[in-house]
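Participant: Chain residues, written in single-letter form:
Protein chains: 2
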Amino acid sequence: MPARQVLLLSSSKVHGYEYLEYAKDDINNLFKKNNVSTILFVPYALKDYDGYLRQVEEVFAKWGYKVNGIHKGNPVEAAEKAEAFFVGGGNTFQLLKELYDNKVLQVIRKRVLNDGIPYLGSSAGTNVATKSIHTTNDMPIVYPPSFEAIALVPFNINPHYQDPDPDSTHKGETREERILQFQEVSGAGPVLGLREGCTLLIEGDKITLKGLHKSRLFIPGKEPQEFDVGADLSFLLNV
Amino acid sequence: MPARQVLLLSSSKVHGYEYLEYAKDDINNLFKKNNVSTILFVPYALKDYDGYLRQVEEVFAKWGYKVNGIHKGNPVEAAEKAEAFFVGGGNTFQLLKELYDNKVLQVIRKRVLNDGIPYLGSSAGTNVATKSIHTTNDMPIVYPPSFEAIALVPFNINPHYQDPDPDSTHKGETREERILQFQEVSGAGPVLGLREGCTLLIEGDKITLKGLHKSRLFIPGKEPQEFDVGADLSFLLNV
Chain Y
1 MPARQVLLLS SSKVHGYEYL EYAKDDINNL FKKNNVSTIL FVPYALKDYD GYLRQVEEVF
61 AKWGYKVNGI HKGNPVEAAE KAEAFFVGGG NTFQLLKELY DNKVLQVIRK RVLNDGIPYL
121 GSSAGTNVAT KSIHTTNDMP IVYPPSFEAI ALVPFNINPH YQDPDPDSTH KGETREERIL
181 QFQEVSGAGP VLGLREGCTL LIEGDKITLK GLHKSRLFIP GKEPQEFDVG ADLSFLLNV
Chain Z
1 MPARQVLLLS SSKVHGYEYL EYAKDDINNL FKKNNVSTIL FVPYALKDYD GYLRQVEEVF
61 AKWGYKVNGI HKGNPVEAAE KAEAFFVGGG NTFQLLKELY DNKVLQVIRK RVLNDGIPYL
121 GSSAGTNVAT KSIHTTNDMP IVYPPSFEAI ALVPFNINPH YQDPDPDSTH KGETREERIL
181 QFQEVSGAGP VLGLREGCTL LIEGDKITLK GLHKSRLFIP GKEPQEFDVG ADLSFLLNV
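Heads up: the protein sequence lines correspond to chains Y and Z, in order.
Letter by letter, the first sequence follows residues 1 to 239 of the working numbering.
Letter by letter, the second sequence follows residues 1 to 239 of the working numbering.
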């Protein structure tokens with residue numbers, strides 16, 4: 001069984017960087033070591049698929065990759081033949097609904113877990129790569145048939161994780177409060193809060209924090225814990 | 001047919017005020033003119049129903065009202081007999097799921113629209129009073145059987161509405177961007193952004209903005225528009 005090759009970004013945009021630029025080395029490592037020349041892009045999280053595809057093509061062309069849009073032909077056939085997946089950000093509910101409606105969710109899962117096809121996800125594309133979308137920040141603009149997701153990892157991620165602003169007078173819940181509310185639900189497991197600029201690399205059964213900043217891990221019944229870049233989080237496969 | 005009597009608060013807490021204090025006069029007007037002495041409280045949006053009930057009882061006792069918790073007996077019977085409803089804030093997904101699971105959603109709708117029973121909602125309790133919960137800010141911690149809600153009004157509200165912070169370096173979508181994404185979805189209608197401290201009073205077919213601040217209205221295909229306290233928004237019943 002080939003090793004799972006997954007890179008999950010908190011966000012594609014980070015303050016002070018161009019689109020995907022901060023993660024360029026990790027993205028190239030992921031694709032280069034798997035001899036990827038063409039990436040299958042999944043634009044379902046935004047409304048304008050063609051516009052989104054052009055934006056992504058432009059960046060990856062500079063780095064030497066060809067990009068195909070999954071919406072350009074038969075999505076299941078495209079997923080069955082893909083050399084690599086990139087699932088971009090936008091609205092997580094819309095993305096997950098389209099993955100179900102186009103019947104590609106299980107195909108992507110099988111290709112990544114069984115065939116070792118590399119998966120790059122960003123923001124909403126990171127949410128859907130985890131166990132479920134229960135910890136997205138997005139507005140539920142459409143109703144997907146389930147909140148269960150591709151489950152390339154058996155835990156949840158909160159992308160764009162934000163620390164509370166000590167000067168805020170706003171009374172809406174902080175991100176941490178929302179995650180702790182989720183963990184009051186029966187069966188809820190660990191949630192990794194990835195700040196913008198944080199990424200998670202999963203190679204087989206090895207999970208490593210990458211990117212620019214430390215990340216915050218919430219395990220039900222425990223105090224939240226900070227982990228530095230480079231930390232080994234492989235234990236999350238068995239929590 | 002009795003007139004609908006509905007007061008929807010953006011939030012129960014507002015900076016500088018005690019719980020519900022900023023809306024005390026409007027809440028008392030709603031209940032007094034309908035000769036309410038006992039309020040049926042719906043605590044489903046939080047996990048600790050009894051603790052939540054005690055908090056609400058304490059405030060309403062000072063104002064001269066008795067409060068019953070819908071969870072203390074048969075919820076359908078309690079809703080059928082209620083003199084008034086207060087649906088409190090917390091997690092909108094959890095609240096809506098419990099309304100469905102306890103089979104009280106249609107009962108509350110019927111009692112408010114047909115029998116003229118007053119409805120007070122705050123935050124999540126405001127979201128579920130509208131057409132659907134598609135414009136909640138909450139994390140989808142549980143999966144409700146639908147996003148369609150009590151529909152006391154035929155449009156959507158975004159409570160805790162926040163203007164973009166011009167100094168922010170965060171790359172997650174602004175609230176306005178999220179609402180505009182929702183309005184790209186086929187069939188999406190108006191969304192009223194209620195800032196914390198804003199409330200909406202619906203008396204029959206008359207809708208009036210109340211509270212402390214102006215509110216922001218999003219109508220698909222139009223520029224967002226600001227409305228002052230006191231504005232008549234009755235036209236939203238026919239958009």
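A couple of the hints might just be wrong.
All copies of an identical chain are treated as equivalent in the list; a pair is satisfied when it fits inside any one copy or across any two copies.
Claimed, not checked - Straight-line Cα separation of at most 27 Å, DSS-like style, residue types lysine-lysine; simulated pairs:
(1) LYS62 <-> LYS210
(2) LYS210 <-> LYS171
(3) LYS210 <-> LYS72
(4) LYS210 <-> LYS103
(5) LYS214 <-> LYS103
Derived from the structure by calculation, the hints contain no laboratory data.
The structure presented is a predicted model; accordingly, all values stated were derived computationally and were not measured.
Participant: Each hint should be assessed against the structure and marked as holding or not.
Facilitator: Hint by hint, here is what the structure shows:
{"no.": "1", "hint": "LYS62 <-> LYS210", "in the structure": "within (23 Å within a copy, 54 Å between copies)"}
{"no.": "2", "hint": "LYS210 <-> LYS171", "in the structure": "between (33 Å within a copy, 19 Å between copies)"}
{"no.": "3", "hint": "LYS210 <-> LYS72", "in the structure": "neither (33 Å within a copy, 50 Å between copies)"}
{"no.": "4", "hint": "LYS210 <-> LYS103", "in the structure": "neither (31 Å within a copy, 47 Å between copies)"}
{"no.": "5", "hint": "LYS214 <-> LYS103", "in the structure": "neither (36 Å within a copy, 45 Å between copies)"}
Hint compliance for this structure: hints 3, 4, 5 are not met, and every other hint is.
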